[in-house]
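2 protein chains.
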Amino acid sequence: MTDEPRRRRTTRAARAPRSTAHHTQLRNPFAPAEVFSADQVEHLHQQALTLLEEFGLKVLLPEARARLAVAGAAVDEDTQMVRLDRGLVTAAVATAPAEFDLVARNPAHSVRIGGDHVMVLPVGGPPYVSDLRRGRRPGTMADFETFAKLAQRTDVLHAVSPAVEPQDIDLRLRNLRVGDAGLTLSDKPMYANSRGRASVEDSFEMCRLALGIDEATFLARPHVWTNINTNSPRQLDVPMCLGIIDFAAAGQVCIMTPFTLSGAMAPVSLAGALLLQHAEALAAITLSQVVRPGAPVVYGAFTSNVDMRSGAPAFGTPEAGKAAIASGQLARHLGLPWRSQAASTSNVEDAQGGYETMVSMMACVMGGANVVLHAAGWQEGGLTASLEKFVLDVEMLRIVAEMFQPVPMEVDDLAAASIGEVAPGGHFFGTAHTLERFESAFHEPTVFTRQNFGQWTDGGATTAAQRATAVWELWLETYEQPPMPDDCRAALDEFVARRVAEGGIAAD
Amino acid sequence: MTDEPRRRRTTRAARAPRSTAHHTQLRNPFAPAEVFSADQVEHLHQQALTLLEEFGLKVLLPEARARLAVAGAAVDEDTQMVRLDRGLVTAAVATAPAEFDLVARNPAHSVRIGGDHVMVLPVGGPPYVSDLRRGRRPGTMADFETFAKLAQRTDVLHAVSPAVEPQDIDLRLRNLRVGDAGLTLSDKPMYANSRGRASVEDSFEMCRLALGIDEATFLARPHVWTNINTNSPRQLDVPMCLGIIDFAAAGQVCIMTPFTLSGAMAPVSLAGALLLQHAEALAAITLSQVVRPGAPVVYGAFTSNVDMRSGAPAFGTPEAGKAAIASGQLARHLGLPWRSQAASTSNVEDAQGGYETMVSMMACVMGGANVVLHAAGWQEGGLTASLEKFVLDVEMLRIVAEMFQPVPMEVDDLAAASIGEVAPGGHFFGTAHTLERFESAFHEPTVFTRQNFGQWTDGGATTAAQRATAVWELWLETYEQPPMPDDCRAALDEFVARRVAEGGIAAD
Chain P
1048 MTDEPRRRRT TRAARAPRST AHHTQLRNPF APAEVFSADQ VEHLHQQALT LLEEFGLKVL
1108 LPEARARLAV AGAAVDEDTQ MVRLDRGLVT AAVATAPAEF DLVARNPAHS VRIGGDHVMV
1168 LPVGGPPYVS DLRRGRRPGT MADFETFAKL AQRTDVLHAV SPAVEPQDID LRLRNLRVGD
1228 AGLTLSDKPM YANSRGRASV EDSFEMCRLA LGIDEATFLA RPHVWTNINT NSPRQLDVPM
1288 CLGIIDFAAA GQVCIMTPFT LSGAMAPVSL AGALLLQHAE ALAAITLSQV VRPGAPVVYG
1348 AFTSNVDMRS GAPAFGTPEA GKAAIASGQL ARHLGLPWRS QAASTSNVED AQGGYETMVS
1408 MMACVMGGAN VVLHAAGWQE GGLTASLEKF VLDVEMLRIV AEMFQPVPME VDDLAAASIG
1468 EVAPGGHFFG TAHTLERFES AFHEPTVFTR QNFGQWTDGG ATTAAQRATA VWELWLETYE
1528 QPPMPDDCRA ALDEFVARRV AEGGIAAD
Chain E
1048 MTDEPRRRRT TRAARAPRST AHHTQLRNPF APAEVFSADQ VEHLHQQALT LLEEFGLKVL
1108 LPEARARLAV AGAAVDEDTQ MVRLDRGLVT AAVATAPAEF DLVARNPAHS VRIGGDHVMV
1168 LPVGGPPYVS DLRRGRRPGT MADFETFAKL AQRTDVLHAV SPAVEPQDID LRLRNLRVGD
1228 AGLTLSDKPM YANSRGRASV EDSFEMCRLA LGIDEATFLA RPHVWTNINT NSPRQLDVPM
1288 CLGIIDFAAA GQVCIMTPFT LSGAMAPVSL AGALLLQHAE ALAAITLSQV VRPGAPVVYG
1348 AFTSNVDMRS GAPAFGTPEA GKAAIASGQL ARHLGLPWRS QAASTSNVED AQGGYETMVS
1408 MMACVMGGAN VVLHAAGWQE GGLTASLEKF VLDVEMLRIV AEMFQPVPME VDDLAAASIG
1468 EVAPGGHFFG TAHTLERFES AFHEPTVFTR QNFGQWTDGG ATTAAQRATA VWELWLETYE
1528 QPPMPDDCRA ALDEFVARRV AEGGIAAD
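Chains as they are written, first to last, in my numbering: chain P, 1048 to 1555; chain E, 1048 to 1555.
Don't take every hint at face value.
Copies of the same chain look alike in the list, so a pair counts if it fits in one copy or across any two.
Claimed, not checked - Each computed SDA-like pair below joins lysine to any residue, with the alpha-carbon atoms no more than 25 Å apart:
no., residue 1, residue 2
1, Lys1105, Trp1522
2, Lys1105, Ala1263
3, Lys1196, Arg1224
4, Lys1105, Pro1154
5, Lys1196, Ala1121
6, Lys1105, Gly1162
7, Lys1196, Ala1464
8, Lys1196, Asp1534
9, Lys1105, Pro1530
10, Lys1196, His1164
11, Lys1196, Glu1486
12, Lys1105, Leu1430
13, Lys1196, Gly1341
14, Lys1196, Glu1146
15, Lys1196, Asp1354
Rather than coming from a laboratory, the hints here were simulated on the basis of the structure.
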């Protein structure tokens, strides 16, 4: 055995850059993998319905309890416990759409959510940011802007995310600053935190002003997305309930994501964690559909597990992989889009980070995830947004995006004549078939090297992470701000200035 | 959105090590993914048959041409070209078994090849070896022994491979030394290079002596495996032909692997590279079945692509991933086991190595590979066997092995009562359900850290690769040589000593 490459060189031709336009609208061509039988999926679903009927969940917002009570739920105001019967849940979930469009400021960047469509999003939520030049530090507004620009200029990322928490901005002004930056630095779909009613209303207004649309147009289609984490186990807190209600009322997109960490906030058995996840997702979706039947929701799933030694959360685990594939089955059982994520436990941009992120991505690909959150830049179990990890993840995402493309098999692709033309033991470097296609035949990496050992050593024997610094710097240098009509920009600026002058939003 | 882990600690309990006995016999529970329709698979297959009929291939060994001529092939002795008609190929391939056992010296380590079984193998073939203590250097016999020991003690690796070429051993003695080391340091199935008739016969004899079996027992079942790379395009050289003939005649396992690098030794279009791969595999399999109908073979597939800029081979590419999944379809179309590989282009144990290896492994998992070669230690496009990469890859392989295990869903697993027992917003750390299961609930990593940032920084802020050095050192320290009966050992020693005294084998 050798399996040993024969290393040859061709003259480097002037190359046309390969189009990656197909990365902006991704579809997963593979049939979804399954870890459960159809009977098991139905059994788990029925068990979740029973759990909501018998044990229920705690709902901290009076308005949410009142809305659910009106819909037929059994509410105990003393304990704030809400029990939902299976008829109510089943009818409510049935009104949620299987697919919908999320409209962007630039229509070319609108994305379809559901079916075989795949929406890929950068990391969301970390308090820290890191890069190899400046190290790990608390996130700032400048860092948020950096990630917004990078998301804008990256074809395989389909919206801006709350990539890092800008801790230098007062909480009362943070939503305004973040919304303003996201809308002006990017023309991809808008993200808004659900941190209370006034905050959400500000976000919706900023979106309308930036897009130059009136309220009716805004309400008619999804323009903004948010992510709702339940307080597992079995609790919906006040901002979450408000977010679900306000996004549903406005017909905007809620990703309902129980963060069911097996062994901590969820049972130590994977089936138990999935049962809790499913019950919580059903309850949150039910609230949204009670508020507005047909409101766009995504079945979110973030079941992973703790480390057996320390109790610390772990990501990129086999348990998380199986839970993800199972979650896809549960979402399809409900006829809803499914959100998963690519994540890792590693504290640094090393091989562990690559393997773990790719293991989670494998589960997303195999299971057919419709929304992949945290897919670029997630590090340190989600506590840090890393710029080098962002570049490395984007490289991986482009590989996955290329794997989604078909293998053409026309006569020219099969190249039988070309095969006959090359002598046995010869090579195809100089054939007409090769020369016609060579420049655009293959995916070309950005930060993964294909230098041989000698070239690579001469170039400093760098790791991929070390090379990634120059890449995000280049991406920032060559970033171009997308245009916004002057009147929209003026209206947005005026609104933000006014709300800042008013002191922004009381932190809630 | 936060998706933010709540970090808690549990008392570290005395933990029972988690059994990984199921890693020694792996089955892939997922339905195979497809990149081609059934019609496309049949079309490509027919095109390959036409290619063998019309263009044929060059066969450098007169005996191979003679055997194929007797079976009905059209042979031109002047050009050494052999054309195979579709009837001959179809009838020959039909005699190859769909599944078979590869018998190990220790019956517990025998492996099934085919169906949903997955045999995982370490890297094979590199001339160089590398570790972070000693750097990159030409491989030696000591390095070969190191990898044989590591393969023996690693549950998710199922046989010894030619992990590194021992360049300090004279070529005439190399086969004897390598066979002796593999058989005495491991009781997993034996690998033998196919480097000429005398070499192969020595290997078979060493196997018989080590196992204490007579020739009839040896011939009755597969005990030894080899890998045959065709000289793409369309050529079988002398040692390859001899290997195919001798392994087939002895009923031993040939993995037939065209190394069809798209854009170099194969057409630049992926369909064309797959067409060439398929034609060459069919020809090699036909030769084996002409020699002995029913001889065990594996449909090998190593279609990757060159780099567009340099013409250098690239691994872990999206093209290789799609080609792998397609190859699984082609192998199943023939009713044969399929060999693929996990590979990377990276020169170092970095994130690129992790992502690329995992992308290839994803294709193996999705496509349902029966044999995954190069799965531990492959670096630098296969030119280096890295000890740290070996450790990192084994970590990944164990994650994949755990993903193959079912998610139990009995009443206890669903834990509905436990969910009802924990207060909303509470946690499951102290429940009876958790305490009963916690110690063995989850996969536990070896080299991937789950320390938080502070602990990890205090511990030296190491990368996974840096931590891997201590792991392979520990694995070597705690390696235990498997027992061999004294009479077998004496017979093997006597044979090797005699053949060495005779000067070994003329290099061919």
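Here is what the structure says about each hint:
In this assembly of identical chains, the alpha carbons of Lys1105 and Trp1522 never lie at most 25 Å apart, being 46 Å within a copy and 50 Å across copies at closest. Proximity of Lys1105 and Ala1263 under a CA criterion of 25 Å is satisfied in neither setting, with 34 Å inside one chain copy and 72 Å between copies. Taking identical chains as interchangeable, the C-alpha atoms of Lys1196 and Arg1224 lie at most 25 Å apart only when both belong to the same chain, with a minimum of 15 Å there against 59 Å between chains. In this assembly of identical chains, the alpha carbons of Lys1105 and Pro1154 never lie at most 25 Å apart, being 40 Å within a copy and 56 Å across copies at closest.
For a Cα distance limit of 25 Å, the shortest separation of Lys1196 from Ala1121 qualifies neither inside one copy, at 47 Å, nor across copies, at 64 Å. Proximity of Lys1105 and Gly1162 under a CA criterion of 25 Å is satisfied in neither setting, with 32 Å inside one chain copy and 49 Å between copies. For the homomeric pair Lys1196 and Ala1464, neither the shortest alpha-carbon distance inside one copy (47 Å) nor that between copies (48 Å) is at most 25 Å. Only within a single protomer do Lys1196 and Asp1534 lie at most 25 Å apart by alpha-carbon distance; the minimum there is 22 Å, versus 72 Å between protomers.
Proximity of Lys1105 to Pro1530 under the C-alpha cut-off of 25 Å is found in neither arrangement, the shortest distances being 46 Å within a copy and 61 Å between copies. When the C-alpha separation of Lys1196 and His1164 is checked against a cutoff of 25 Å, the pair qualifies only within one copy, where the shortest distance is 24 Å, while the shortest distance between copies is 46 Å. For the identical chains of this complex, Lys1196 and Glu1486 are neighbours neither inside a copy (29 Å) nor across copies (45 Å), given an alpha-carbon limit of 25 Å. Taking identical chains as interchangeable, the C-alpha atoms of Lys1105 and Leu1430 are never at most 25 Å apart, the minima being 28 Å within one chain and 59 Å between chains.
For a Cα distance limit of 25 Å, the shortest separation of Lys1196 from Gly1341 qualifies neither inside one copy, at 33 Å, nor across copies, at 61 Å. Taking the shortest alpha-carbon separations for Lys1196 and Glu1146, neither the intra-copy value of 28 Å nor the inter-copy value of 53 Å comes in at or below 25 Å. In this homomeric assembly, Lys1196 and Asp1354 never come within 25 Å of each other (Cα to Cα): the closest approach is 35 Å inside a single copy and 29 Å across copies.
Checked against the numbered hints listed earlier, the structure breaks hints 1, 2, 4, 5, 6, 7, 9, 11, 12, 13, 14, 15; every other hint is satisfied.
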